[in-house]
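There are 2 protein chains.
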Amino acid sequence: MDRIVSLSKRRGFAFPSSEIYGGLGSTYDYGHYGVLLKQNVIDAWWDAMLERDDIVALDSAILQHPRVWEASGHLAGFSDPLVDCRACQRRFRADHLEQAQCPHKPSRPPGQGPDCDLTAARDFNLMFSTTVGPVQDAGSTAYLRPETAQGIFINFKNVLQLARRKPPFGIAQVGKSFRNEITPGNFLFRVREFEQMEMEYFVPPDEAEKWYRYWIDERLSWYVNLGLRESTLRVREHEEEERSHYSSGTSDIEYLYPIGWQELEGVANRGDFDLTQHTRSSGTKLEFVGQEGERYTPHVIEPAVSIERIFVAMLCDAYDEEVVGERERTVLRLHPLIAPVKAAVLPLIPRDEGMSSRARELYELLRKRHTVEHDDSGQIGRRYRRQDEIGTPWAFTVDEQTLEDETVTVRDRDSLAQDRLAIADVPAWLDTALERPWRSPKA
Amino acid sequence: MDRIVSLSKRRGFAFPSSEIYGGLGSTYDYGHYGVLLKQNVIDAWWDAMLERDDIVALDSAILQHPRVWEASGHLAGFSDPLVDCRACQRRFRADHLEQAQCPHKPSRPPGQGPDCDLTAARDFNLMFSTTVGPVQDAGSTAYLRPETAQGIFINFKNVLQLARRKPPFGIAQVGKSFRNEITPGNFLFRVREFEQMEMEYFVPPDEAEKWYRYWIDERLSWYVNLGLRESTLRVREHEEEERSHYSSGTSDIEYLYPIGWQELEGVANRGDFDLTQHTRSSGTKLEFVGQEGERYTPHVIEPAVSIERIFVAMLCDAYDEEVVGERERTVLRLHPLIAPVKAAVLPLIPRDEGMSSRARELYELLRKRHTVEHDDSGQIGRRYRRQDEIGTPWAFTVDEQTLEDETVTVRDRDSLAQDRLAIADVPAWLDTALERPWRSPKA
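Protein sequence lines, in the order shown, are assigned to chains A and B.
Take the first sequence: its position 156, counting from 1, is numbered 155 in numbering that gives the first Met the number 0, and each next residue is one higher.
Take the second sequence: its position 420, counting from 1, is numbered 419 in numbering that gives the first Met the number 0, and each next residue is one higher.
Don't take every hint at face value.
Note that the list lumps identical chains together, so a pair holds whenever it fits in one copy or between two copies.
Taking lysine to any residue pairs in the SDA-like style, the calculated list, with each CA pair at most 20 Å apart, reads [claimed, not checked]:
1. 209 <-> 185
2. 104 <-> 78
3. 175 <-> 193
4. 441 <-> 2
5. 156 <-> 21
6. 104 <-> 90
7. 165 <-> 275
8. 156 <-> 290
9. 284 <-> 18
10. 8 <-> 240
11. 367 <-> 224
12. 175 <-> 129
13. 284 <-> 15
14. 175 <-> 320
15. 175 <-> 38
Worth flagging that the hints you see were computed from the coordinates, not collected in a lab.
If you're wondering where the values come from, they're calculated on a predicted model, not measured in any experiment.
Produce the complete structure using the sequences and hints provided.
In structure tokens form, the structure reads like this:
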């Protein structure tokens with residue numbers, strides 16, 4: 000993980016936020032390549048959702064009415080149990096004591112150190128709260144949403160009418176959520192501010208189990224199609240006692256992170272819990288009424304993932320080091336669709352005016368269709384290594400021969416094979432290359 | 000404005016948030032077409048920024064270190080003056096009293112009603128605050144950012160190194176910001192939660208004025224190219240006393256909203272205010288050092304706009320009503336690049352199996368490249384009107400003749416002209432149509 004974090008910072012994918020002020024526990028800023036990579040992931044997710052006729056998009060507000068969180072159960076139940084140590088004044092998660100260290104005796108967990116004096120556990124709600132409007136009274140308290148899903152449920156009736164759909168159909172959303180985690184950490188793996196991609200799929204109650212299985216398979220295939228190796232993915236079904244209060248079935252699509260198998264995406268069968276709760280709490284009937292008068296509260300299947308976890312999984316799965324000749328190189332073997340830059344255009348000798356102008360021309364041509372880079376900043380080997388580290392699948396190099404026969408070399412990031420190609424053919428070649436199925440060459 | 004709000008709700012562009020719970024003052028949720036329209040605007044903005052070699056992307060966190068806001072001046076100065084009325088317990092903006100109404104005597108402003116008893120004005124900070132981490136003490140107070148810009152300034156050094164750029168160069172960002180407005184309102188025009196598109200352009204101090212003028216022109220052209228009529232746009236330079244504390248020159252690109260000329264986008268010359276403040280406050284030198292050892296603090300030109308204001312301007316500029324034959328129609332004359340749906344495919348008689356299957360085929364073909372809709376939901380006139388209201392530029396209709404000669408009609412949203420076209424030519428026809436320059440037919 001340290002190498003991923005270091006590469007990420009060195010190349011500007013993501014780095015600790017507010018760094019010049021000493022940072023702000025576990026929030027991150029994304030640099031240029033991080034923004035591009037994230038956007039490619041979000042685009043691929045929207046494509047998978049909206050290429051279907053049965054899913055529509057929504058974008059609900061982060062600040063919602065406080066009664067939303069009362070109805071959803073978050074106000075009462077979305078909390079971690081905490082204990083304080085009266086001796087060292089530290090605070091720990093009561094359910095994770097065994098993994099924690101007593102600051103006075105790091106070989107032992109809190110409660111077993113020399114002077115440990117732990118309080119009883121108290122619940123600590125994970126929602127950030129704030130005050131809306133000029134008056135600071137209880138009525139104007141609002142919460143930063145801890146999940147985007149509730150914004151979908153409270154708009155169910157609205158969307159049902161507008162979209163003229165009937166179950167099975169889904170509502171998809173991408174947006175920020177916030178959780179005041181007590182023990183954030185592991186790079187972007189557990190952060191207080193994160194971006195979710197959630198889809199709520201509303202189905203007739205007797206089809207819930209079928210669609211639950213269906214979405215587990217669909218989402219797993221999505222990751223495989225984006226280049227994650229099948230050996231690093233698995234599905235793990237939650238035990239009954241592990242499941243959230245609303246769930247009648249949850250499976251994690253897990254990824255083998257450097258810290259072990261961990262949740263990448265969750266697929267939950269939320270049953271009719273949310274629609275029933277909001278119906279009760281708001282007085283608005285959130286149900287489906289068919290043309291023949293049949294009516295029911297749909298059940299909900301929810302695939303939900305944070306972009307941060309995909310981001311880390313993509314970097315981990317792509318990261319590779321190898322010795323080529325006498326040199327070591329670090330390379331990100333990203334799926335070309337996810338790679339922030341699709342191709343680099345490089346003049347072999349930047350000072351050579353002929354090479355430089357030909358490279359410029361090719362770059363201007365390609366950039367109309369794809370995110371490409373032009374780099375004339377020094378030795379060619381260094382420039383290749385930089386592109387390898389940001390995961391650019393192909394580099395087109397303009398050299399002496401280009402000036403004679405109008406061909407360039409194309410270098411493949413993974414195989415390091417170099418071929419020659421007519422300049423005129425490069426745009427079509429790149430289009431075709433980007434459409435080819437891709438599999439990770441990592442074992 | 001009422002008609003825009005009504006269309007927006009009826010067709011699911013945007014509607015009040017948390018509506019089943021009575022709403023939450025001035026926050027909005029975006030429905031399917033709203034999400035698509037917003038995304039088209041964001042994509043067009045990113046294209047304009049990243050098609051340049053001198054601008055890179057950033058995505059900084061919403062929660063930043065509290066000292067960021069101390070240094071930026073927001074903690075001390077980002078406030079509105081408020082007065083309370085002891086008689087009616089209401090609160091008003093002291094600087095907008097003349098536009099407000101005394102609740103007891105609505106023809107008079109507060110302070111001139113029968114029992115008015117106003118307090119002296121007190122400053123009310125517009126930043127939302129919250130508490131990070133498990134302990135609620137002063138040290139862990141954090142603010143929801145009121146602008147994305149500061150996230151760019153505090154990363155200046157970082158990005159300068161990573162991007163290997165020198166002034167003039169820019170850092171662009173899109174993301175949510177929050178302001179606890181006392182008097183939000185006018186649909187999406189003044190909301191508490193909004194999405195900004197900001198670009199900070201760092202320049203040598205003696206070039207600041209030149210680039211300030213340059214970016215006013217660039218941004219104005221961007222709106223014209225996206226179809227806003229030149230007659231509804233103007234540039235207004237701020238008077239000295241109007242300008243923010245950091246600004247040495249600000250111009251608003253104003254749009255003629257139904258409520259009058261109002262700021263659409265601001266272009267500010269922020270000078271070296273922000274980099275100097277953060278250098279002083281953090282101890283990290285935020286300056287440019289050239290290869291020959293020259294060093295200076297760059298000045299900053301900032302074009303900044305919220306997507307909400309563009310969203311409203313686009314809807315207002317596109318909205319049109321006209322009488323066609325004996326019928327009235329409402330039509331959104333959006334630029335095709337901004338229109339949420341590019342084309343509709345309609346079988347004239349949905350029950351006819353031949354028409355239905357040909358329409359399906361054409362739809363499946365087009366959706367691979369563009370956002371298109373297939374609609375077989377009833378009378379053709381109603382389907383056209385629905386597409387007019389969401390601004391779909393073209394409709395392809397499969398009719399009896401299609402089954403004979405493999406042609407379809409193409410209907411133009413603006414002119415209502417109908418032509419016939421071979422089905423096989425439709426994909427290329429649509430590609431070409433989308434690339435044609437477009438100007439609003441509205442007077």
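Quiz item: Which of the numbered hints are not met once you compare them with the structure shown?
Solution: Numbers 1, 2, 10 and 14, in rising order.
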